[in-house]
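Kindly generate the complete structure, drawing on both the sequences and the hints.
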Amino acid sequence: MATTDRLTRTDAAEPMISPVTLLRVVIVLAVLAAWELLARSGWLYRDVVPSLLAIGRALYELLSHGDYYFNLGITAAEIGAALLIGGISGLAVGILLGANRFLSRAFEAYLYYLGPTPKIIFFPIMIMWFGVGPGSKIALGTLSCFFPVALSVAAGMRQIDKVLIRVGRSFRASTWQMILKIYLPAMRHPIINGVRLGLGVALIGTLLAETKLSNKGIGFLIINAYSTFDMPRMYAMLIVLFVLAIGANAMVGRLGGLENIRRN
Amino acid sequence: MTATTSNRTGRRSLFPALVGLATLIAALLVVELIIQLNVVSRFIVPPPSEIVASFGRVIVEEHVLRRFLLTLGECLTAGIMLTVFGIAGGVLMHRIRLLQQACETWVAAMAAAPLVLAYPLFMVIFGRNAWTIIMMGFFAALPPVILKTIEGMSGTRKVLVNVGRSFNLTPAQQFWKIMFPAALPTIFVGVRLGLIFALINIVGVEFLINYGGLGQLINDLAERYDLAGTYASICFVILVSVLFFMALEKAERWLRPID
Chain A
1 MATTDRLTRT DAAEPMISPV TLLRVVIVLA VLAAWELLAR SGWLYRDVVP
51 SLLAIGRALY ELLSHGDYYF NLGITAAEIG AALLIGGISG LAVGILLGAN
101 RFLSRAFEAY LYYLGPTPKI IFFPIMIMWF GVGPGSKIAL GTLSCFFPVA
151 LSVAAGMRQI DKVLIRVGRS FRASTWQMIL KIYLPAMRHP IINGVRLGLG
201 VALIGTLLAE TKLSNKGIGF LIINAYSTFD MPRMYAMLIV LFVLAIGANA
251 MVGRLGGLEN IRRN
Chain B
1 MTATTSNRTG RRSLFPALVG LATLIAALLV VELIIQLNVV SRFIVPPPSE
51 IVASFGRVIV EEHVLRRFLL TLGECLTAGI MLTVFGIAGG VLMHRIRLLQ
101 QACETWVAAM AAAPLVLAYP LFMVIFGRNA WTIIMMGFFA ALPPVILKTI
151 EGMSGTRKVL VNVGRSFNLT PAQQFWKIMF PAALPTIFVG VRLGLIFALI
201 NIVGVEFLIN YGGLGQLIND LAERYDLAGT YASICFVILV SVLFFMALEK
251 AERWLRPID
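Respectively, the protein sequence lines represent chains A and B.
In case it helps, our numbering puts the first sequence at residues 1 to 264.
In case it helps, our numbering puts the second sequence at residues 1 to 259.
No lab work stands behind these hints, which were simulated from the structure alone.
Think of the CB as a built atom: it goes at the ideal place given N, C-alpha and C, for glycine as much as any other residue.
Hints may contain errors.
To be verified - Only some residues are given here: those of chain A computed to face chain B with a beta carbon under 8 Å:
| id | residue |
| --- | --- |
| 1 | Arg24 |
| 2 | Leu203 |
| 3 | Met231 |
Right, dumping it as structure tokens:
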């Protein structure tokens with residue numbers, strides 16, 4: 001009986017909408033209202049800030065058109081290939097550097113300092129090497145993806161519990177068995193973290209390359225909308241792209257169980 | 001005896017770095033050889049000797065110093081803006097707990113969003129000028145500064161806050177004398193990350209919109225099919241970026257001597 005009373009009281013005390021949700025709704029509504037006001041004010045050039053209705057209509061047209069999905073498929077394939085090549089090569093180099101102290105001290109500094117340089121500047125070289133087609137976009141995505149994966153894996157490799165390595169050796173595991181049964185499972189979180197970072201930069205690298213020189217893909221559609229000054233369509237594409245990028249990032253993190261890592 | 005041991009340790013710690021450098025030089029020599037032997041066309045990959053020789057020409061004829069100062073100016077403007085607005089935003093969100101709970105995940109999501117892809121939109125809003133580049137660098141680099149400011153302010157040790165209270169400090173004094181100095185090292189991590197993101201985006205957008213300093217130089221030379229010059233300018237941008245990161249790292253170490 002006492003339990004029932006307590007439950008009833010707790011239920012009654014809880015508000016229908018939490019203050020945080022309420023504030024979020026208020027902020028979203030305020031931003032939308034300010035946007036619409038700005039769109040109708042005439043203070044800016046026409047269509048620089050299109051009305052919400054125009055953006056909504058463009059979003060509907062975009063998503064109901066097969067052509068968009070064709071270009072999305074091309075970009076997704078380029079990013080997937082870049083992630084695969086860059087991820088695997090980054091993993092291999094990361095394991096090599098993480099396992100060997102000498103190699104790490106000889107070469108890791110180059111990766112560390114080259115990692116954050118703007119990769120898009122390599123695009124002219126990629127065009128020369130791989131042509132103007134999807135090859136150069138995949139290559140730029142691969143180059144972008146390689147560094148975070150390699151650095152994350154190398155750091156993860158050094159953090160593996162020594163006990164696990166000694167257990168593997170005491171079972172006389174071969175190099176491959178050590179990699180497959182000890183190193184990779186123990187490094188799951190750094191690998192997923194590296195892949196997550198790699199996915200983000202591969203996506204940026206590939207799409208930027210598409211905006212620079214391409215005739216298909218989402219990057220091409222965005223720069224095409226800019227060239228024809230179709231602003232509602234450009235806003236619609238950027239909204240979809242941001243949602244997809246944030247979603248893919250969150251999905252990779254969730255698949256790797258990154259949200260379950262306890263931070264001390 | 002101790003001197004001999006430390007000498008040996010010093011030589012041993014230098015040896016891997018020397019091997020790394022020797023490998024790099026050997027790789028360049030191999031590339032030079034295969035190009036000279038026409039295994040790879042010099043119209044696709046210019047010989048490293050040609051790239052080294054073109055450095056002087058690129059520096060003098062392409063006004064590299066002026067371009068470098070232009071890019072540096074854009075970086076500094078974006079850096080000042082993101083330091084002011086990023087720290088102010090982080091402090092505001094830390095002080096108004098409800099605002100932090102409502103918006104922190106949005107800021108984190110913004111950090112994951114490929115904001116640089118909105119550069120055509122910025123070109124429409126600001127025009128094809130330096131402000132597009134600066135604003136692009138600013139927006140792309142803002143989230144880490146906000147997030148690290150919140151982290152730094154939240155991580156202030158309770159004992160420091162209690163010391164401030166025991167001295168009956170006003171909220172403003174508590175902030176300027178206790179909270180902000182304690183959070184400064186973490187805030188600087190955010191500013192360092194922000195400046196790195198800003199530099200990456202600024203050079204990238206310069207290249208993409210063919211306007212401004214070092215990024216435009218690469219695009220210009222590539223469009224003129226000056227291959228050796230293109231490679232030399234890319235090497236120059238990499239060198240500038242690396243020096244920039246090293247300087248930021250040194251400044252961070254100076255701010256956090258304990259770590």
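These are the hints, each one checked on the structure:
| no. | hint | in the structure |
| --- | --- | --- |
| 1 | Arg24 | 5 Å, holds |
| 2 | Leu203 | 6 Å, holds |
| 3 | Met231 | 7 Å, holds |
Going down the numbered hints, you'll see the structure goes against none, and every one checks out.
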